[in-house]
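Asks: Sequence:
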Amino acid sequence: MYGPPRESLRGPEVTSRLDRAQPNAETKYRELHSYTHTLSLSPCISFPSHPTPPSPPIHPPASGRFRHRVTKMAGALHISCSPAPLLWVLLLLTVSPGNAFYLPGSYMHTYSQGEEIWAKVNSLTSIETEMPFSYYSLPYCRPQGGIKKSAENLGELLMGDQIDNSPYRFRVNVNESLYLCTTKGLNENDAKLLKQRTRDLYQVNMMLDNLPVMRFTEQNGITVQWTGFPVGYTPAGISEDYIINHLKFKVLVHEYEGRNVEIIGTGEEGSGVISEFDKKGMSGYQIVGFEVVPCSVKRDAEAFSKSNMYDSIEPVSCPMELQKSQVIRQQERITFTYDVEFVKSDIKWPSRWDAYLKMEAGAKVHWFSIMNSLMVILFLAGIVFVIFLRTVRRDLTRYEELDKEAQAQMNEELSGWKLVVGDVFREPTCPKLLCVMIGDGVQILGMAIVTIIFSTLGFMSPASRGMLLTGMIILYLFLGIAAGYVSVRLWKTIKGTSEGWRSVSWLTACFFPGVLFMVLTVLNFVLWGSKSTGALPISLFFALLAMWFCISVPLTLVGGFVGTRSAQIEFPVRTNQIPREIPARKYPSWLLVLGAGTLPFGTLFIELFFILSSIWLGRFYYVFGFLLIVLVLLVIVCAEVSVVLTYMNLCVEDWRWWWKAFFASGSVAIYVFLYSINYLVFDLRSLSGPVSAMLYLGYSFLMAFAIMLATGTIGFLTSFSFVHYLFSSVKID
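In terms of UniProt numbering, the sequence shown opens at residue 1 and continues consecutively.
Everything labelled a hint here was simulated from the structure, so no lab data went into it. Quick caveat: nothing in here was measured; it's all calculated off a predicted structure. Incorrect hints may have been included.
[To be verified] Taking lysine-lysine pairs in the BS3-like style, the calculated list, with each CA pair at most 30 Å apart, reads:
hint	residue 1	residue 2
1	Lys-148	Lys-324
2	Lys-306	Lys-120
3	Lys-418	Lys-324
4	Lys-344	Lys-306
5	Lys-184	Lys-348
6	Lys-432	Lys-120
7	Lys-348	Lys-298
8	Lys-195	Lys-298
9	Lys-250	Lys-148
10	Lys-120	Lys-148
11	Lys-432	Lys-344
12	Lys-348	Lys-432
13	Lys-148	Lys-531
14	Lys-418	Lys-531
15	Lys-120	Lys-418
16	Lys-418	Lys-344
17	Lys-120	Lys-192
18	Lys-495	Lys-195
19	Lys-531	Lys-586
20	Lys-120	Lys-149
21	Lys-120	Lys-195
22	Lys-192	Lys-344
23	Lys-586	Lys-418
24	Lys-195	Lys-348
25	Lys-192	Lys-306
26	Lys-192	Lys-149
27	Lys-192	Lys-495
28	Lys-184	Lys-298
29	Lys-586	Lys-495
30	Lys-120	Lys-531
31	Lys-324	Lys-298
32	Lys-120	Lys-348
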């Protein structure tokens with residue numbers, strides 16, 4: 001989906017039902033998170049609002065990254081929201097102070113006076129159904145040369161984007177009012193479909209020079225900005241629906257004047273001569289803003305049908321009276337027109353995305369979440385400190401100071417974790433499944449860490465639609481080698497032999513992707529049945545399968561083979577042949593495991609709200625600096641929770657710690673899924689129909705499942721290291 005959530009049109013515009021449908025979601029989101037003016041293209045590293053134009057300008061390479069010279073690194077980049085200052089220091093140490101890369105996802109284009117630019121249209125989206133549809137599924141005007149689809153990357157296809165050309169033509173710095181087309185009389189199906197899309201709050205997503213169209217509305221005296229504009233609107237208390245058929249565009253342009261460059265040629269005599277000054281390409285206009293005011297205007301269809309596309313018309317204002325608006329009705333002919341106004345702006349091209357990434361009071365909420373997490377970490381760190389220094393070290397010191405006879409006598413009087421020394425490394429139940437889940441968790445965790453770090457450094461720009469998802473998939477595929485290595489080495493450690501490593505590697509390569517593909521296949525059939533652009537094309541579906549079996553599976557097998565060649569981790573104590581009986585407890589031990597997940601959930605639940613709003617309300621999420629901090633805090637909390645819970649289990653002589661260590665931190669996924677349901681009930685109340693609910697719950701399940709594997713892996717590996725260290729200090733004859 002593309003573009004922020006949609007809100008009612010007011011004032012000279014029109015009024016839709018979104019005020020009534022989404023009061024809580026929109027109000028809460030606006031109070032917590034609108035995007036900050038301190039953010040540029042990255043929350044931690046960005047260009048200043050008014051950088052000095054490069055002199056002379058350097059034409060961008062074919063890769064799309066625009067590299068330009070700056071006087072000083074400090075003058076070109078700045079830290080905008082303060083998170084991850086260490087990353088900034090590292091960047092200063094590793095990057096040359098003379099050059100800087102600008103990574104907006106597309107290179108700068110300078111247009112000349114009167115040059116033609118064509119807008120593009122993306123899929124129609126709605127926060128009510130969450131099912132995107134093609135723009136031309138509705139009876140809109142079509143380009144004279146036919147519909148041409150733009151090349152899309154893997155991430156765009158998976159997100160349901162379908163970018164097509166449009167008939168909307170702009171001539172740089174030329175203000176004009178133009179006629180597009182007049183449709184034939186709406187048949188029953190077209191009229192019904194337009195009414196349905198209007199009442200489902202579908203939005204048109206249009207782009208010019210890769211900038212989404214933006215509109216401004218008034219809500220309770222506050223000016224709110226959104227991207228896209230509605231298909232139509234339904235006034236309160238009226239059964240009729242009205243279509244948006246006239247668009248008033250405002251294009252913000254920045255006039256760029258470069259310095260003249262002397263072109264030195266070679267004369268007939270071989271001497272160097274100055275031939276001319278190259279001015280073309282050095283100056284022109286850059287598009288830095290794209291705004292729209294959507295209107296519904298009743299036209300004389302018979303009179304306009306005699307006009308040709310792009311004929312000039314008289315500009316009109318958005319009518320306030322419904323009698324002058326275009327109703328959606330069977331056999332009604334609809335005339336589409338638009339106005340274009342070019343306005344010069346002081347906004348520089350590198351800062352043009354700032355308007356889309358503004359944050360007013362949201363930063364305070366993120367910092368509150370981080371401070372709350374730090375308090376939890378300090379509390380748990382205190383407990384771990386007591387365990388290590390006061391209890392464990394004291395007992396080990398006393399134990400080591402005794403002679404052998406005294407140790408034997410003391411062994412008879414021991415209690416707590418020392419009594420399970422002969423059982424603590426006993427093979428857990430379902431060891432193969434545990435190894436597979438740990439391997440998949442390492443793969444998912446590695447993908448998340450690398451993706452968030454790259455996004456924090458500014459490599460994942462919102463200007464490149466689908467780049468984030470594409471990068472995640474590629475990272476996941478190539479991290480299969482790490483998953484295979486960890487799972488097989490853990491299997492070898494538990495079993496004492498590498499026998500059966502092939503099946504472990506195969507299961508590791510197929511477990512999480514298999515669950516993912518099964519759920520996506522079911523959801524895809526649902527989307528296919530609804531004729532949504534969100535459905536994966538069959539060719540893409542098989543392409544993903546090919547990537548899975550041709551890249552991820554072989555790399556996982558290679559990692560498993562490397563794991564067999566690595567030395568197994570030796571247990572510091574011997575395991576008894578007969579398992580020790582576990583004393584009865586007053587309460588089930590799994591109850592404590594489930595409760596432990598509340599602490600990691602408290603670390604991420606505020607950030608989770610913004611992520612869910614980004615996914616389901618179409619918001620731009622680009623505060624990756626905060627997300628990186630939250631990820632680091634989450635890793636620390638998961639590790640501490642798992643260590644504390646493992647120690648508590650060992651103290652009550654319960655040596656079955658393997659799975660409990662995994663689910664102590666992995667149980668946070670339960671609360672994530674429950675929170676997703678809470679978000680659906682209270683924040684997405686306008687989500688309509690069983691199909692939309694099924695899509696939401698399916699994607700939420702996949703998200704929670706991935707979080708369980710990643711957080712469970714953190715907890716298990718930390719607990720394994722803790723237990724190994726603890727019992728390696730005990731002398732056993």
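Asks: The structure should be examined with respect to each hint, and the outcome stated for every one.
Replies: Results for each hint:
1. For the hint pairing Lys-148 with Lys-324, the CA-to-CA distance comes to about 34 Å; that exceeds 30 Å, so the pair is violated.
2. At roughly 26 Å between alpha-carbon atoms, Lys-306 and Lys-120 fall within 30 Å of each other, so this suggested pair holds.
3. With a C-alpha separation of about 85 Å, the suggested pairing of Lys-418 with Lys-324 is violated against the 30 Å cut-off.
4. Only pairs whose Cα atoms come within 30 Å are accepted, and Lys-344 paired with Lys-306 is rejected, the gap being roughly 35 Å.
5. The hinted pair formed by Lys-184 and Lys-348 fails the criterion: a straight-line CA distance of about 44 Å is larger than 30 Å.
6. Simply put, Lys-432 and Lys-120 have alpha-carbon atoms about 51 Å apart, too far for the 30 Å limit, and the pair is violated.
7. Taking the CA atoms of Lys-348 and Lys-298, the gap is about 39 Å. The hint is violated against a cut of 30 Å.
8. Between Lys-195 and Lys-298, the direct Cα distance comes to roughly 17 Å. Compliance with the 30 Å bound is thereby established for this hinted pair.
9. For the hint pairing Lys-250 with Lys-148, the CA-to-CA distance comes to about 25 Å; that is within 30 Å, so the pair holds.
10. The suggested pairing of Lys-120 with Lys-148 holds, with an alpha-carbon distance near 10 Å, which does not exceed 30 Å.
11. For the suggested pair Lys-432 and Lys-344, the alpha carbons sit about 65 Å apart, so the restraint of at most 30 Å is broken.
12. For the hint linking Lys-348 to Lys-432, the alpha-carbon distance of about 57 Å lies beyond 30 Å, and the restraint is violated.
13. In summary, the hint linking Lys-148 to Lys-531 is supported, as the alpha carbons are separated by about 19 Å, within the 30 Å threshold.
14. Between the alpha carbons of Lys-418 and Lys-531 the distance comes to roughly 63 Å, so the proposed pair goes past 30 Å and is violated.
15. For the proposed pair Lys-120 and Lys-418, the alpha carbon gap of about 69 Å is over 30 Å, so the pair is violated.
16. As the CA atoms of Lys-418 and Lys-344 are separated by approximately 76 Å, the hinted pair breaks the 30 Å bound.
17. At most 30 Å may separate the alpha-carbon atoms for a hinted pair to count; Lys-120 and Lys-192 meet this at roughly 26 Å.
18. A threshold of 30 Å between alpha carbons decides the hint, and for Lys-495 with Lys-195 the separation of about 64 Å lies outside it, so the pair is violated.
19. Between Lys-531 and Lys-586 the alpha-carbon distance is near 56 Å, which puts this suggested pair outside the 30 Å criterion.
20. As the CA atoms of Lys-120 and Lys-149 are separated by approximately 9 Å, the hinted pair is consistent with the 30 Å bound.
21. Of the pairs offered as hints, the one joining Lys-120 and Lys-195 holds, with about 24 Å between alpha carbons and a cut-off of 30 Å not exceeded.
22. Our distance criterion of 30 Å between C-alpha atoms is broken by Lys-192 and Lys-344, whose separation comes to about 42 Å.
23. Note on Lys-586 and Lys-418: the hinted pairing holds, with a Cα-Cα distance of about 21 Å set against a maximum of 30 Å.
24. Restraint check for Lys-195 and Lys-348: not satisfied, since their Cα atoms lie roughly 41 Å apart, outside the 30 Å limit.
25. Between Lys-192 and Lys-306 the CA atoms are separated by roughly 27 Å; this keeps the pair inside 30 Å, and the hint holds.
26. Annotation: proposed proximity of Lys-192 to Lys-149 holds, straight-line Cα distance about 26 Å (limit 30 Å).
27. Among the hinted pairs, Lys-192 with Lys-495 is inconsistent with the structure: their alpha-carbon atoms are about 65 Å apart, more than 30 Å.
28. For the suggested pair Lys-184 and Lys-298, the alpha carbons sit about 15 Å apart, so the restraint of at most 30 Å is met.
29. Taking the CA atoms of Lys-586 and Lys-495, the gap is about 33 Å. The hint is violated against a cut of 30 Å.
30. This hinted pair checks out: Lys-120 and Lys-531 have alpha carbons roughly 21 Å apart, not beyond 30 Å.
31. The hinted pair formed by Lys-324 and Lys-298 meets the criterion: a straight-line CA distance of about 5 Å does not exceed 30 Å.
32. For the hint linking Lys-120 to Lys-348, the alpha-carbon distance of about 23 Å falls within 30 Å, and the restraint holds.
Of the numbered hints stated above, those contradicted by the structure are hints 1, 3, 4, 5, 6, 7, 11, 12, 14, 15, 16, 18, 19, 22, 24, 27, 29, listed in ascending order.
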